[in-house]
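Trainee: Each chain, written out:
4 protein chains.
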Amino acid sequence: MSSDKRVCLAYSGGLDTSTILKWLILEGYTVVAFLADVGQIEDFAEVEKKALALGAERMVIENLQQEFVDELIFRAIQCNAVYEERYLLGTSLARPVIARAQVRVAHKYNCKILSHGCTGKGNDQVRFELAWKACDPSLQIIAPWRMPSFFNRFQGRQDLLKFAAENNIPVSSTPKAPWSQDDNLAHCSYESGILEKPDMPAPKNVWTRTVDPLDAPDVPTKFSVTFQEGIPVKLEVEGGETVTGSLELFKALNDIAGRNGVGRVDIVESRFIGLKSRGCYDSPALTVLRLAHLDLEGMTLDSKVRQITSWVGNQWSQCLYNGMYFSPERELLENSIVYSQKHVHGKVDMMVYKGAAHVLARSAPESILYSEEQASMDTLEGFSPEDASGFISIQAIRLEKYGAAKIQQGEPLTRGA
Amino acid sequence: MSSDKRVCLAYSGGLDTSTILKWLILEGYTVVAFLADVGQIEDFAEVEKKALALGAERMVIENLQQEFVDELIFRAIQCNAVYEERYLLGTSLARPVIARAQVRVAHKYNCKILSHGCTGKGNDQVRFELAWKACDPSLQIIAPWRMPSFFNRFQGRQDLLKFAAENNIPVSSTPKAPWSQDDNLAHCSYESGILEKPDMPAPKNVWTRTVDPLDAPDVPTKFSVTFQEGIPVKLEVEGGETVTGSLELFKALNDIAGRNGVGRVDIVESRFIGLKSRGCYDSPALTVLRLAHLDLEGMTLDSKVRQITSWVGNQWSQCLYNGMYFSPERELLENSIVYSQKHVHGKVDMMVYKGAAHVLARSAPESILYSEEQASMDTLEGFSPEDASGFISIQAIRLEKYGAAKIQQGEPLTRGA
Amino acid sequence: MSSDKRVCLAYSGGLDTSTILKWLILEGYTVVAFLADVGQIEDFAEVEKKALALGAERMVIENLQQEFVDELIFRAIQCNAVYEERYLLGTSLARPVIARAQVRVAHKYNCKILSHGCTGKGNDQVRFELAWKACDPSLQIIAPWRMPSFFNRFQGRQDLLKFAAENNIPVSSTPKAPWSQDDNLAHCSYESGILEKPDMPAPKNVWTRTVDPLDAPDVPTKFSVTFQEGIPVKLEVEGGETVTGSLELFKALNDIAGRNGVGRVDIVESRFIGLKSRGCYDSPALTVLRLAHLDLEGMTLDSKVRQITSWVGNQWSQCLYNGMYFSPERELLENSIVYSQKHVHGKVDMMVYKGAAHVLARSAPESILYSEEQASMDTLEGFSPEDASGFISIQAIRLEKYGAAKIQQGEPLTRGA
Amino acid sequence: MSSDKRVCLAYSGGLDTSTILKWLILEGYTVVAFLADVGQIEDFAEVEKKALALGAERMVIENLQQEFVDELIFRAIQCNAVYEERYLLGTSLARPVIARAQVRVAHKYNCKILSHGCTGKGNDQVRFELAWKACDPSLQIIAPWRMPSFFNRFQGRQDLLKFAAENNIPVSSTPKAPWSQDDNLAHCSYESGILEKPDMPAPKNVWTRTVDPLDAPDVPTKFSVTFQEGIPVKLEVEGGETVTGSLELFKALNDIAGRNGVGRVDIVESRFIGLKSRGCYDSPALTVLRLAHLDLEGMTLDSKVRQITSWVGNQWSQCLYNGMYFSPERELLENSIVYSQKHVHGKVDMMVYKGAAHVLARSAPESILYSEEQASMDTLEGFSPEDASGFISIQAIRLEKYGAAKIQQGEPLTRGA
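Protein chains in written order, with this note's numbering: chain R, 2 to 418; chain E, 2 to 418; chain U, 2 to 418; chain F, 2 to 418.
Since the hints were made in silico from the structure, they are not lab data. There may be inaccurate statements among the hints.
Same chains, same names: a pair is fine if it fits in one copy or spans any two.
Unchecked claim - Okay, derived cross-link-like pairs now, PhoX-like style, lysine-lysine, Cα gap no bigger than 25 Å in a straight line:
id : residue 1 : residue 2
1  : Lys198    : Lys343
2  : Lys198    : Lys223
3  : Lys109    : Lys223
4  : Lys348    : Lys305
5  : Lys198    : Lys235
6  : Lys198    : Lys177
7  : Lys23     : Lys305
8  : Lys177    : Lys6
9  : Lys407    : Lys109
Using the sequences and the accompanying hints, generate a full structural model.
Mentor: Following this line, the structure appears as structure tokens:
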């Protein structure tokens, strides 16, 4: 069949993408179903069975966990990545890896069309499609939820169920949770449905990657994380295991932090598309590693360098959130972050306990930036206190002018607000 | 006596400033001792008694708590102020209020000289003196810890104790903690001494404003904070009190969060003076209010406005940390933050529990930025999904060029790192 | 007639908008033609005659020059506004004023639809429509150059001329210049047609607001501009007139600078829409006033304040270029700039000559920031040179660590690149 | 002699450093005089003769022109470096090269002390000493103009002349210009003396590297500059020579632009030390190359990349001005700029004429960012105008909320200011 009617569809096995799969076939397309394994909890064999049963030519499942951790998650750690000061970007980080793999699958199986089941109001459509267009602009895109012929036909869940019944699409017997979720190594996200009321707390059973802090163990877990060039390379759990591979380390930390209720965020955020939405996220390992990395930078990065990388990391986060991973600006920003991490080596001791992560201590033997003797209030070795007088006097020149001008204007600074 | 020999000394009652007080007198100065009440735990009557016993002409104690909360702490909340992404600036916030009051006291009691007991390696000397110079550059400053005649004479605690014994300076019978601390409404800080080893956890008994999370109550405390123009105006504790005055509200939150072990930070930070140092801070109410405010901004501030105020608040924090409160740039930045808060009204529901603060829900009835209907994935009311296609296509123009150039350069984006 | 079929069209009298006017009528609409007088060279009576002849219900021409100068142009001066470091935003500045007035006209004449003749590739469609949607989102928009029924029918100038002939649309007898231009008080822009070859110099006869520098007078013109709060309030021409009204002053400077060939820019810029395009602009008065204002800020603004306002002005420029004038971020940024200008009073002496503007001198008697005595290398009055030693030593602490680390890494700084 | 009494002095041959040289010898030091040839107009043999006559152990003159151009000047071009939007940093660029070489000379001739003749109020003392301390903090520094024993003795030019007469220091017979100047390849600066009155135009005879625009040739000079990775690699003069070596190219452009009066700047700037001062600078080649480079970036850099590098270049400029060349932040920023220039290849056609530099055209055949077809208003090839509708609608979501809120608040946007 001509590649013009061959579609590579991002297929999850759920009702939405199953409907799309069948609908595409009914519209005359051949469908290569694609599912990326980015660490989500999933019965992959079941998904494959279902895709084939629905008529997919083939089901391609790729394990992308390793590149997800190495290329995206650990880069985010180096960047101290965060969006609007709270969201750790779990979904945003997975999308580039998935989208890129899907383009490769399309190439391999001669598909000229890519398709996904994202809604028209969300960020994910943007992230997938910008990545696809950057990777190969010659591929066509079918986004059914933005096509009137599709969204007018399927106006609610009932329409999907009816179509499923008519087309022998198996539907899970467990009732759907009244919200949607997206799971990967970095986090699980929860949104829409009953979560769209931001003044209602998220139900206790929403969270899947973290236990409720109230149900967490009564004894804290202590561990240390070792970094090389800003990348976690070793996890040592007090009284327990030592883990070194990047993926294994990240999974072990997900387990430890998740068990202790660490990593939940519940926010109203600004989608790229201009809307505000409420999102709940649990990112156990990411939360812990971001904090550890930030702490280590305190020991190993010059203060001005930190100010610069803080701005750069912020821009990187913005890029990722907005689906601009495959962009010249992300590449530029990332080059800068990686460069800054050349000497970010050291170890951070931490504790997780009932919903909170704490830094207890840290060491960076290769760095000379922190000097106990120099910092010490108890000695003047190598420091001339008189220098501080000159430093202050010169810094004051501008401020004295400011104070003098205020007096001139009849608003002396001593007066207060 | 000529005002040229009259000194207004920041006096705390401790060994250092008691030594300085006596030393100044021995050097022929008349001393007006000054102590600001910024909410620290202190026996003020005892301090006064001691100052007078040591020969101070008078002891002036001023309660600045109200202006501290209103002008500094709540402004910091509006700014989401934080230094190096972790330190909430407790000490930095108190200094301008104290320094300004001390200048007023100097004016009132005809002192031409100001003095303090800060070391020559720290931030506080800078903060005090820049504030003093901005408020009144005609005042002289005596900073004994930067004067060789003083610091060569008093090279360690033993020298101070010897001087105290010789000069009838009463010394506390309780042994000094092996670190120093600075207490005010916003936080208590702990540094130097044994804390100068950043690879050693802070001892359990360091913290004064927060209980150990492990010892915190087994039942969480829930409450809500209401904001008007980004300023907290009401605290409602579940099953408890409602507090409305700014100072009372802040104190009540300090109590609630402190009891639940919330607000500890242990970092290595970059002093303005170029050194790295380790600081431990517990800021219970500040921690909770910063989080609540940030959350409410998610509901009430436009995304681009947030990006701008995030940068502005960062600059404001830098100013405060560096002792540049009385500066034209702080005034400019603050004007911008205050302007941005015009519509930051709403309520945030929170929970504190064993060391962590959690946002549970929030509402902002006067804001139209969040719209449940618009955000909803379940309806297309007022939204044309097709628009997103155009949005994505236009955004992709740059990225397609990027991808094409990569292919031209033999590094197709599909390849990965 | 129902307001649903009443269109308010931005009408210039040219071939494009004449075609659109007639086409709208043929499509069954009633058309209120609107033309803003923002200082362009135009035979307004002729435009009105033509609109009515083509069947417009009425022609509304509004003189917006005063608000254009006061609200936009002089604000841009305060912001030192510039896009991509070269373009002075002439067109971007006019759009908000025009768009807002057009909405008012639509309201007045009961039109529910707005229309314009902008192409689908440019910035102006974005600027008009974002402004319209912010001012009144209930109004519909007809953008013919983005409608297939229109752009497929009119694929080139020949199609427009054919339609004109068939519909009695008068066509100018002078042949159209092989580029397009947009004229207003702030500048005239030239783009497309033969200018789309960026490697070909713009023809000598492109420019309308400036003479060729080679043809400019052999004698320079000297003048001074006086500012109050960053706003030009007086122009004094050496040996000539004194002008004070904002509009008159701006026009007089357009004349002086234009006569001397000052204000041409020829660039390749990044359109908001993601494309690169070549634009030529001549902005005589804007060029001179931006330079004068920048110079005066050197005398009257604190250095840190300048760093902040430089960033803010940059963001403001970006907003304007992208059509985001009616946005919360522009309002926030502008508030900050206006605040910063409270003390920007003074006078700048300038010279224009054969294509260049030069600052010769400046004075700001009300400012104390510049002090001849303090700056003087010939006196130490009020300055302790020893302070600089301490200042340098403290600043060096970080740098010495950097140098020491380099030696440790085997890359001593003395070695060079 | 012990290296502890061996000083390496930055020696220019002028009255100040000659006095310092002799004074050092009288104080018991052995002096190695050092002079860097960074392209200034100087009789180097004469300087050497004078140094030796005054008693210097040796005179070391090093030609640093090549590394000055390659490491600093051309990096500044890549950064579009500029301070306070006007000053092209000529002096700031030379200092790191000179300071580093002086440390090498000190090492070679076993000097443990460095010395200079900079005043205590200026930027240059900071630049020299920060560089020295970063390169080798073990070296001592003697800064006579900050030593009371020196500056109290030499309170004015008369004291220096008297000392010269007493010590057989030859004094130039030509009267000293009533201002000071610093000359190097990048520019010549003029400040202090009569220039300290910013309301008085600089005298006609101040400028040395540019002719008065009024005296410049009546015929413009046209040329093109070719860049590779943002570095100028070829100069082609219309009807004239072709130059390719970096140093030769820069010198040739200095000549061309200088002859045509291009590159003068007269400003009041903010010194690092907190004072405002007036500086006049003529930087012919730097002015032309900065403009050319900026123009080429318009063709070859993505818009978002430009926004980032604009900020980065700004920070780099700040570093350089403040003497922070040898700093971790400068290294980080520079790495980013260099990375961004990977594809900045192309040619810019320019004209200089009577004080102004004009870009006439440019080409970048290897870049695909600018596409005549895509940019063209005359064709829709590869562009769907309908996409722009979606793009605008999505962008408008935020703005419509803003407009609606304004109506709610009784301040509709249609009303105007």
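Trainee: I want to check one pair: Lys109 and Lys223. Are their C-alpha atoms no more than 25 Å apart within a copy, between two copies, both, or neither?
Mentor: neither (47 Å within a copy, 54 Å between copies)
Trainee: Please work out whether the CA atoms of Lys198 and Lys343 approach to 25 Å or closer within one copy, between two copies, in both situations, or in neither?
Mentor: Between. Shortest inter-copy distance 24 Å satisfies the 25 Å Cα cut-off; intra-copy 45 Å does not.
Trainee: Could you place Lys198 and Lys223 in one of the four classes (within, between, both, neither) given a Cα distance threshold of 25 Å?
Mentor: This pair counts as between: shortest inter-copy Cα distance 19 Å, intra-copy 37 Å.
Trainee: Regarding Lys23 and Lys305, is the shortest C-alpha distance of 25 Å or less found within a copy, between copies, in both, or in neither?
Mentor: neither (56 Å within a copy, 41 Å between copies)
Trainee: Treating 25 Å as the Cα threshold, decide for Lys177 and Lys6: within, between, both or neither.
Mentor: Classified as neither: same-chain Cα gap 33 Å, cross-chain 47 Å, threshold 25 Å.
Trainee: If the cutoff is 25 Å on CA atoms, where do Lys198 and Lys177 land: within, between, both or neither? Let me know, please.
Mentor: This pair counts as within: shortest intra-copy Cα distance 18 Å, inter-copy 53 Å.
Trainee: Have a look at Lys407 and Lys109 and pick one of within, between, both or neither, based on CA distance no larger than 25 Å.
Mentor: between (71 Å within a copy, 20 Å between copies)
Trainee: Is it within, between, both, or neither for Lys348 and Lys305, if the alpha carbons may be no more than 25 Å apart?
Mentor: within (22 Å within a copy, 36 Å between copies)
Trainee: Given a CA cutoff of 25 Å, do Lys198 and Lys235 count as a within-copy pair, a between-copy pair, both, or neither?
Mentor: between (41 Å within a copy, 22 Å between copies)
The earlier numbered hints that this structure contradicts are 3, 7, 8.
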